[in-house]
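Residues per chain, in single letters:
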Amino acid sequence: MSFSADSSTRTATRSGWADRAFGFAGGAAAFLTAGLFGWIVWDLIRLGWPHLSWSFFTGEVEDAGRQGGVGPLLISSVLILVCCLVPAVPLGVGCALWLSECVRRGSLTARLVTGGVDLLASVPSIVFGLFGMVFFCQKLGMGFSILSGGLTLAGMILPILVRTTLTALESLPADLRPAAAALGLTRTTSIVRILLPAAMPGIVVGVTLGIGRALSETAALLFTSGYSVRWPESIHDSGRALSVHIYDLALNVANGGPMASSTALVLLALILIINAAAVMLSERWMRRRYHPEA
Amino acid sequence: MTSSKSTTLSRSLDRVFRGVLGLLAAVSGGMVLLIVSYLVTGAWPAIEAGRLAAFFTDERWQPGSARDPQFGVVSMLVGSLLVTLLAVGLATPVGVASAVFHRFYAPPVLERWNRRMLELLIGVPAVVFGFWGLMTVVPLIVRLAPETPGQSLLAGGIVLALMILPIVTLTTQAALQAVPRAQLLAAAGLGLGRARTIWAVALPAARGGIGAGVLLSLARAIGETMAVVLVCGNIPQIPDSLFDPIRPVTSTIALEMGYATASHKALLFCAGLVLVLFTAVFVGWHSFRRQMADTGTGGA
Amino acid sequence: MGNDFSMNSVFSFAVSRKYWVLLGGFSLSLASCSKREAGVETITLTGSSTVAPLVADAAKRYEESHPAVRIEVQSGGSSRGLADAGSGVADLGMVSRALTLEEAKTLKAHRIAADGVCVILHKDNPVAELNRQQLIDIYTKKAVNWSTVGGADAPIVVANKAEGRSTLEVFLHFLGLDNADVKADVVVGENLHVINSVVSNPNTVGYVSIGTAASEAKNGTPIKLVITEGITPSMETVADGTFPITRPLNVVEDAQTSAAAAAFLQFLTSPAIHDLVEKHYFVPVP
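Residue numbers (our numbering), protein chains in the order written: chain A, 50 to 343; chain B, 27 to 326; chain C, 1051 to 1336.
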């Protein structure tokens, strides 16, 4: 089962100049996006590819990053992401479910929560970092750690998750809920069995957006998960994320430029793998929802 | 017997479930309060010293000057606003058009690949965008206008637009996807062409989702730090043209926070607070308008 | 039928038990205290992003000979180093400038290396030398065209460092200017941001750490180090004291430094790291 558009809408009557103009403008926009993206990635490949090797993925950082690899940072980045998603996904999806299913839209509480979440989206990442340092590292005593960094990021990607899930829930066919109620389903059942699976494509978009945002964040992590290039032994260790390493190499380490590009390529590869895994998992989950016996 | 028991069970389950969701929502909505209170605490020394007024009356920003310290933040707020609006203005039409193309014109394979690409694009660190902007966009601007520094409002707007483009496109795509097929088929059945269907049916139906995406990208743009600091030029001034350098509030925090002494630090917290409140007004206005629109259509 | 579905909803909770296991494990690890194994002492340093890479390398070397010591180096800026060392968040702070009188009351600075600050131009800019007065004119916009200081007919784009950076303080001190007098076209933060600003617009003038500029120039970045007051900027002229614009790279401690931290501090100020200092393009302290 694919979420992409069905052929019936694509082959709708092709008529006149308006249709052609629409297609042309859209195609140009899509081409522009792809072109600019290709340009950026090509620059990264041109500078970074020569330094890529297997040992770059597994080796330790040497000479401030001018030599060696990014092995420990790769592990740190993944751990930070896990610490971020584990609290953020239930928070975000739960909040969106509450907003769309449990309160009247437009009520004061709903408006306050939506406003709070929207506002959260606009907090500068560096403010998140400073907040995370004071709140998680110092007040809650977690120190400079992967855990502190992940939790800080969880707050950062929360608005993305809430907004995308909410959009998905709100755009479900209006007759879905009365239909579920008419079948005698409880609220819980209707949410877990009907609404959540139906909104899954939107939620997956939100999660992949969140993953990208979390893995690319620099400012918030510099102050929370820190700068250490050691192999992390637990989530209580400080661990430098790939993005922080890229920042350090690009702006702080003389002649770090090429290695910054290589590290960026590694980061892109990591995101590709994680996103693919997220999509696969969600598709498997959907299949199980619709055919529970299988 | 078993039936009534399970009904009671499911009722209480319902209540627990609702409670859990409410709790999650409270945490999500309340987190911003935690951050604002943290900002207020950090900014308190400056507020107490009565610097807040100077924030809006002083013309320049030179907190470290021994001879003539000034704390004007207005030009930076204007800078944040301009660069954000420019970015959203550039990214929204491109993003929406590209989403429409992939939903209604392109073959499904292309759409899938495009989505993978955009998800990847979101994961490119801001510093990579900033660096690319500095080394690629800025020289182009210098060639276009040789008398200018190159790092400018325009450079910042272009780089930011590129950064939020995936958000606009993906959320629009998701919103278009969610338009009920029946509506599209009905439009086709009425003999509307594809362009008319898109314009008169699909886009209006997806308006809410597109709006949410634009709002999200707007918030993202106004809070963005590491990319704008590399390409905006960071001169706190109200620009006369697109080629003038500007300094967004976030740039100031990023540039100075790591090096500020105690009283200067409080000022930076103050600037952060002002930015968040400024955005609050923005967001509040938007949700107010949305509310109005909702009640409007609800009544009709 | 309703019965069937509500049982299903209970079932569907169980389906996602993998998730709950993950969440449970997560909260457990949250609750567990992060106690390190006994006998390993941790020293934390925070501060200047200029000093951090050097100290991180030195720490690696120190840990090899002291297996019972674990050194955490965190970047984030000189003032973070001062604040953290004073508040006890860190054992030691890294600061890339001399302390003010106020700061010196509570903290003690130990110089681990010296660094020079030099003016840089694009390689294609014909100007090779600028004296102090010319720099003052440029940075106060009395000179706005390169032709007035012996260059081509092109506007001068002035790159200044952001408020609070130690290179800014050192440079303005040399020129005898207050930052309010400086009229910049571009304000930048990190050294490499200055260098790349010059690369991306050849009319730009900026100033950076000599070590960074020299090594970037050596590796083909199209910039050049400008002769100032007749002295060529280099590690040698900084070391022998003839180059006029220099700054110390410090590690600071407060009154309550642990024995382990004091021992590491001793190591940092010893000749044992001189080769590392040079590798990071700084000048060792004799």
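FYI, nobody ran anything at the bench for these hints, they're computed from the structure. Values in this document were obtained by computation on a predicted structure and should not be read as measured data. By construction, the Cβ of each residue, glycine as well, lies at the ideal position given by its N, Cα and C atoms. Take the hints with a grain of salt, since some may be wrong.
[Claimed, not checked] Okay, derived cross-link-like pairs now, DSSO-like style, lysine-lysine, Cα gap no bigger than 30 Å in a straight line: (1) C:K1268 to C:K1173; (2) C:K1158 to C:K1233; (3) A:K188 to C:K1274; (4) C:K1110 to C:K1173; (5) A:K188 to C:K1158; (6) C:K1155 to C:K1233.
[To be verified] Simulated restraints, written as ranges between beta carbons of each label pair: (7) C:D1174 to B:W70: 48 to 56 Å; (8) C:G1089 to A:S102: 14 to 22 Å; (9) C:T1150 to B:G45: 49 to 57 Å; (10) C:Q1316 to B:G45: 40 to 48 Å; (11) A:W91 to C:K1173: 21 to 29 Å; (12) B:W70 to C:H1223: 29 to 37 Å; (13) B:L49 to C:H1223: 52 to 60 Å; (14) A:W91 to B:R41: 53 to 61 Å; (15) A:W91 to B:G56: 40 to 48 Å; (16) A:F80 to B:S267: 51 to 59 Å; (17) B:S267 to A:T158: 20 to 28 Å; (18) B:V66 to A:T158: 36 to 44 Å; (19) B:V66 to C:K1173: 32 to 40 Å; (20) C:K1155 to A:E150: 54 to 62 Å.
Now for the hints, and whether the structure bears them out:
1. C:K1268 to C:K1173: holds (12 Å)
2. C:K1158 to C:K1233: Roughly 35 Å separates the two Cα atoms, so the pair is violated.
3. A:K188 to C:K1274: violated (48 Å)
4. C:K1110 to C:K1173: violated (37 Å)
5. A:K188 to C:K1158: Satisfied, since the Cα-Cα distance of roughly 27 Å is no more than 30 Å.
6. C:K1155 to C:K1233: Outside the cut-off at roughly 34 Å; violated.
7. C:D1174 to B:W70: 48 to 56 Å: holds (51 Å)
8. C:G1089 to A:S102: 14 to 22 Å: Given a distance of about 38 Å, which is not inside 14 to 22 Å, the answer is violated.
9. C:T1150 to B:G45: 49 to 57 Å: holds (55 Å)
10. C:Q1316 to B:G45: 40 to 48 Å: The hint (40 to 48 Å, Cβ to Cβ) is violated, given that Q1316 of chain C and G45 of chain B are roughly 59 Å apart.
11. A:W91 to C:K1173: 21 to 29 Å: With Cβ atoms ~25 Å apart, the hint holds.
12. B:W70 to C:H1223: 29 to 37 Å: At 32 Å between Cβs, range holds.
13. B:L49 to C:H1223: 52 to 60 Å: holds (56 Å)
14. A:W91 to B:R41: 53 to 61 Å: holds (56 Å)
15. A:W91 to B:G56: 40 to 48 Å: At 44 Å between Cβs, range holds.
16. A:F80 to B:S267: 51 to 59 Å: With a Cβ separation near 29 Å, F80 of chain A and S267 of chain B fall outside 51 to 59 Å, so the hint is violated.
17. B:S267 to A:T158: 20 to 28 Å: Between S267 of chain B and T158 of chain A, where Cβ atoms are some 46 Å apart, the hint is violated.
18. B:V66 to A:T158: 36 to 44 Å: About 24 Å separates the Cβ atoms of V66 of chain B and T158 of chain A, which means 36 to 44 Å is violated.
19. B:V66 to C:K1173: 32 to 40 Å: Violated: the Cβ-Cβ distance is about 49 Å, outside 32 to 40 Å.
20. C:K1155 to A:E150: 54 to 62 Å: holds (60 Å)
The structure fails to meet hints 2, 3, 4, 6, 8, 10, 16, 17, 18 and 19 from the earlier list, while all remaining hints are met.
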